[in-house]
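Number of protein chains: 4
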Amino acid sequence: MIVVLESGIAETQIEEIIRVLHDHKFDVHRSTGVQHTVLGAIGVHPEFDHRQIELLPGVAEVLRVTEPFKLASHAFKREGSIFDIGGVKIGGPEVVVMAGPCAVESEEQIFKIAKLVKDAGAKILRGGAFKPRSSPYSFQGLGEDGLKLLRAAANEFQLKVVTEVMDKSQIDLIEKYADILQIGARNMQNYTFLKDLGKASKPVMLKRGLAATIEEWLMSAEYILSGGNQQVILCERGIRTFETATRNTMDISAIPVIKKKSHLPIVADPSHGIGIRDKVIPMARAAVAAGADGIIVEVHHDPDHALSDGAQSLYPDQFSQMMKEVRMIARAIERSIA
Amino acid sequence: MIVVLESGIAETQIEEIIRVLHDHKFDVHRSTGVQHTVLGAIGVHPEFDHRQIELLPGVAEVLRVTEPFKLASHAFKREGSIFDIGGVKIGGPEVVVMAGPCAVESEEQIFKIAKLVKDAGAKILRGGAFKPRSSPYSFQGLGEDGLKLLRAAANEFQLKVVTEVMDKSQIDLIEKYADILQIGARNMQNYTFLKDLGKASKPVMLKRGLAATIEEWLMSAEYILSGGNQQVILCERGIRTFETATRNTMDISAIPVIKKKSHLPIVADPSHGIGIRDKVIPMARAAVAAGADGIIVEVHHDPDHALSDGAQSLYPDQFSQMMKEVRMIARAIERSIA
Amino acid sequence: MIVVLESGIAETQIEEIIRVLHDHKFDVHRSTGVQHTVLGAIGVHPEFDHRQIELLPGVAEVLRVTEPFKLASHAFKREGSIFDIGGVKIGGPEVVVMAGPCAVESEEQIFKIAKLVKDAGAKILRGGAFKPRSSPYSFQGLGEDGLKLLRAAANEFQLKVVTEVMDKSQIDLIEKYADILQIGARNMQNYTFLKDLGKASKPVMLKRGLAATIEEWLMSAEYILSGGNQQVILCERGIRTFETATRNTMDISAIPVIKKKSHLPIVADPSHGIGIRDKVIPMARAAVAAGADGIIVEVHHDPDHALSDGAQSLYPDQFSQMMKEVRMIARAIERSIA
Amino acid sequence: MIVVLESGIAETQIEEIIRVLHDHKFDVHRSTGVQHTVLGAIGVHPEFDHRQIELLPGVAEVLRVTEPFKLASHAFKREGSIFDIGGVKIGGPEVVVMAGPCAVESEEQIFKIAKLVKDAGAKILRGGAFKPRSSPYSFQGLGEDGLKLLRAAANEFQLKVVTEVMDKSQIDLIEKYADILQIGARNMQNYTFLKDLGKASKPVMLKRGLAATIEEWLMSAEYILSGGNQQVILCERGIRTFETATRNTMDISAIPVIKKKSHLPIVADPSHGIGIRDKVIPMARAAVAAGADGIIVEVHHDPDHALSDGAQSLYPDQFSQMMKEVRMIARAIERSIA
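Protein chains in written order, with our numbering: chain U, 1 to 338; chain Y, 1001 to 1338; chain B, 2001 to 2338; chain A, 3001 to 3338.
Hints may contain errors.
Keeping only pairs whose Cα atoms sit at most 16 Å apart, straight-line, the calculated EDC-like set for lysine to aspartate or glutamate is [unchecked claim]:
{"no.": "1", "chain 1": "A", "residue 1": "K3260", "chain 2": "Y", "residue 2": "E1006"}
{"no.": "2", "chain 1": "Y", "residue 1": "K1261", "chain 2": "Y", "residue 2": "E1215"}
{"no.": "3", "chain 1": "B", "residue 1": "K2260", "chain 2": "U", "residue 2": "D49"}
{"no.": "4", "chain 1": "Y", "residue 1": "K1261", "chain 2": "A", "residue 2": "E3006"}
{"no.": "5", "chain 1": "U", "residue 1": "K25", "chain 2": "U", "residue 2": "E61"}
{"no.": "6", "chain 1": "B", "residue 1": "K2261", "chain 2": "Y", "residue 2": "D1278"}
{"no.": "7", "chain 1": "U", "residue 1": "K260", "chain 2": "B", "residue 2": "E2054"}
{"no.": "8", "chain 1": "B", "residue 1": "K2260", "chain 2": "U", "residue 2": "E61"}
{"no.": "9", "chain 1": "B", "residue 1": "K2324", "chain 2": "Y", "residue 2": "E1334"}
{"no.": "10", "chain 1": "Y", "residue 1": "K1261", "chain 2": "A", "residue 2": "E3061"}
{"no.": "11", "chain 1": "A", "residue 1": "K3324", "chain 2": "U", "residue 2": "E334"}
{"no.": "12", "chain 1": "A", "residue 1": "K3261", "chain 2": "Y", "residue 2": "E1054"}
{"no.": "13", "chain 1": "U", "residue 1": "K261", "chain 2": "A", "residue 2": "D3278"}
{"no.": "14", "chain 1": "Y", "residue 1": "K1115", "chain 2": "Y", "residue 2": "E1156"}
In case anyone wonders, no lab produced these hints; they're calculated from the structure.
So here's chain U without its partners, still in its complex pose (with noise of 0.2 Å):
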């Protein structure tokens, strides 16, 4: 920590600062500088609140100077991570692509769509068993059912299966079923599930919350990772901003700071990110571009009549179309796609 202090402060004051801070224990190294006086505070104190410093009077400004996450720095592990899930490795050489419809609404329906991906290269079955929605009249999944399904389709397929996790009463269940499980970007904050995960033998994949700050999303992902799990996958799928044309902003330039940040593999959603069908795939091939580990996307036999969230599905043929140009522009950056 840095604690600027004002110019022209007194000495007797620079001192009181200097017992408070070393009242809670931090050593503190002084430079006297032109225009301004700066201590040093060092310590070991991650959840030190640092506006406890901020209000002394004298005090400009405190500046942190270690980051708050770890775990999930570059610093503390050099090389990218890659989790291998079943055979499917996630943060290697290849981008894998996880597609599926939004919802698992019948077997005829999973398993159509399961071929259908697997058949233009995608790895990783995506389906929702539990949908709650903002409606209560709504869909609302078949639960573990749907599970079953999207179990037997993958292994038909051979597909390894993502799904998504609401809360720590599902974990046993999903586990029995999916390969990694996936948190939505509302419970992005939920310390106490994430604290959950972190006992969890599956990996994790953790979307970004619509307001959460690249820093807060590797934050959370300290939590899971310092309880125990190490598999933890992020997923961009977009941040709320003034602009009204798109549902979200698809933050892309998250991509490269991740992979800058962090060691961990980052994912990109794009149905999500955009929120309707005809601007996916440029969305998909940009997060692809940007250096994205892998994509997801939800795809749907028949768009028309999904029970949920048909608009920002593709159609088969468009999906065939989307494989074919990531998997181009894979290659232009030494990468490559199924």
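Based on the hints, put chains Y, B and A in the right spot on chain U.
Relative to the frame of chain U, chains Y, B and A by itself:
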């Protein structure tokens, strides 16, 4: 729903769009203007995903006509709601002050603070018993023991109690001790939890999410109301913007906007809205001046040694000064503070 | 400037970074902590681009220590500035009310409005003479004729005049008629224009840009101050956020923040901040309650037939009601309104 | 314009609203639905302030039907515009690369950089001659001498020239030397200047304002188009959001949105969008992948000694690497880069 068609659209395309609207059970009125043909699609489908129409060829734009909330709207209930909480009326001419520490720390602490806020004119005692923190090493709250102390201190000084409920599993427990259930900003769109709160027997104070629009906030209130709990109090506590000089940007204009759109009472939380002690008082004054039905403020008898959020807690004499000022401001707009 | 080095950095890399800092004429202080080595780089280079250091290998982060503005800061001038504008003092105990139409439309109109705002207690008459509009077909203002009418009406009723200057070519002309030069939000970062205003002989009221941080706003004020014009009044008029229920989000918290950081007076513009008549009054009250040194409000004797911005102009009786309320609020914080 | 009335409104109120609409010369169509009565108000009043209707008693909401821009819209011109700038076509199948230094510094510098960007495949040379900076002590550009050098270097290597015009007084001068007039983000809503540009003889590249919506950006383009200059190129360069890890958030999704709404070409500026060298290349790739018609990139033969913006300028070998990558990406979407 209003469907604006592209200029120069062919008659056959218009007919196809009308056909799709009929399929979705809408009555369709057609108006042909100089520049545009516009279709009015009338029907009762609150859960209809209007993007399905937006994607049809020939559609320029789709405008939703009805607000998605009803029970929360002023159209539903003309006069403002007043909730009587054991004699304390929220939403009436009196501006209610809720005050207390961030967290209950000990019997001595909560009794001292209860006495001082009561003496200054507060009607409701606030204090947290469960404190999931961003760092696992920080103080996590006293749990049920904290609730007991909070209730005892409130009873001793004839105060009501508001405290946060983190998830469904805590509702029954907290209803035993509290008069108002506070729902945090991060839970504002946790729909399964909102449904459970619709069945709770105590009033709910719903904080606005950091990235939530006013409309989304009212939709979350609607969820609770539609579950059968008619007593929802809204609480503004700041939104996230590009400004970094303050932790959040407290949206004071939400107060008159809510007063126009809804009959529900609205309270402001300047402590979390501004995040640092020296600016809490001006923001408390602004909230009352703008027409808030109450304010909730963090106060501690010894903020320098508070176990959490000391930096945004007022000193006792600051709280008294604030009460004096907001009392005069309330009078300026023909309201009162005890 | 504080340069935080990556943990585990090699000694030779540290030496290289120190060499580069010396090349840029910084004095370097080194502190070695448990987790990090930190370099304090001291020197007077306000224009130094710190990204040059951020990009060096081994650098984790660069923190700027000194605020980029000086003349505008409270450290430079401890007591708040008070500007005496022909007897009207801005920044003192009195809260000054500026009021008038969006645009000067005719002699009859401006004299009517001048009389009514004077009668209600305003000290300064506002009104636009040059109105570049988003549509080329809209009313564009009366130009110099408008300025003459504005001055005549102000003189008749012993008011001062504030009006907007759009660019350098208008400065001399407008200085002949106005007492305060208003600079619009879109010009806040027009640096060549700010330099010209530094040489103007009249006080400047600088509106905050829609996407400007408080720090950037103070930097723009610094530009004018450093040019030699010591009389800069700041004016908050709303920032752009994701909220769509209001045109802008008026940042009331900017008022106490500016009061802490700067000695310059700050005024609030609720008419543009909220953008619609029925919420102007609560926001005016909130601004005064938060400690604004003045408010500027659009008023029209006949808003329904105003040639511009009628929808955000107050009716005469609304303005009188507002004055009554803000007068009592000012008293609550030991200030006054005429 | 669609006027949604409050439910339960009296017939006399409806008649009064219709009367006001007729007064404003609108044709009114009335539809009575189950929950709401809706009025369609049809007429050609692009400058009408719809807040005048919003404030009438009984009005719940007013929805604007027609987009405020016409000449810029796809409805006006179905196929995408292609501008031929001395043989370089912008908006066609080729993705055009514009590159060069932030500022022209010397003959040697601009010739060196012109050669290297030409060799790597750029078609247009960028470089600033007038550089108003936030600090008055920084390098302010070479002025007309800079323009001469820029032109000479471009001619030597068969490149076209793009450079920024700061205000009206510079238009004639810069048209003598440049092929494209660049308009900075801070001037995007300077309407008097936009009008002047409508009469310019050279194509204009209009940068998006930091807080501008896509619709506002297109309205600014409309201003130039309606003045008679048909050649407007849009340039995305980042918007301001709450994220602080990047200087701005580059809105890649603006590219497909513009492609849907408008026939104008769109170019991306990753150097200013991301603001730091090490993330420029991934963002350049993302822009091309998303469908941009061009990119504009800062390159310097010696960024460590550049007089401005060195930290976001690419090294020569980085630029070559970038060109190799974007060339392959262009191919993936059936476009090309020289």
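So, going through the hints one by one against the coordinates:
With a CA separation close to 13 Å, the supplied pair K3260 (chain A) and E1006 (chain Y) stays within the 16 Å bound. A hinted pair counts as satisfied when its Cα atoms are at most 16 Å apart, and K1261 (chain Y) with E1215 (chain Y) qualifies at roughly 9 Å. A distance of roughly 21 Å separates the Cα atoms of K2260 (chain B) and D49 (chain U); the hinted pair therefore is violated under the 16 Å criterion. Restraint check: the Cα-Cα separation between K1261 (chain Y) and E3006 (chain A) comes to about 11 Å, which is no more than 16 Å; the hinted pair holds.
A C-alpha spacing of about 20 Å is found between K25 (chain U) and E61 (chain U), which places the hinted pair above 16 Å, so the restraint is violated. Simply put, K2261 (chain B) and D1278 (chain Y) have alpha-carbon atoms about 12 Å apart, close enough for the 16 Å limit, and the pair holds. Restraint check for K260 (chain U) and E2054 (chain B): the C-alpha separation of about 13 Å stays at or below 16 Å, so the hint holds. A C-alpha spacing of about 12 Å is found between K2260 (chain B) and E61 (chain U), which places the hinted pair at or below 16 Å, so the restraint holds.
Annotation: proposed proximity of K2324 (chain B) to E1334 (chain Y) holds, straight-line Cα distance about 12 Å (limit 16 Å). For a cut-off of 16 Å, the pair hint linking K1261 (chain Y) to E3061 (chain A) stands: about 11 Å separates their Cα positions. About 12 Å separates the Cα atoms of K3324 (chain A) and E334 (chain U), which keeps this hinted pair within 16 Å; it holds. Between K3261 (chain A) and E1054 (chain Y) the CA atoms are separated by roughly 13 Å; this keeps the pair inside 16 Å, and the hint holds.
At most 16 Å may separate the alpha-carbon atoms for a hinted pair to count; K261 (chain U) and D3278 (chain A) meet this at roughly 12 Å. As the CA atoms of K1115 (chain Y) and E1156 (chain Y) are separated by approximately 9 Å, the hinted pair is consistent with the 16 Å bound.
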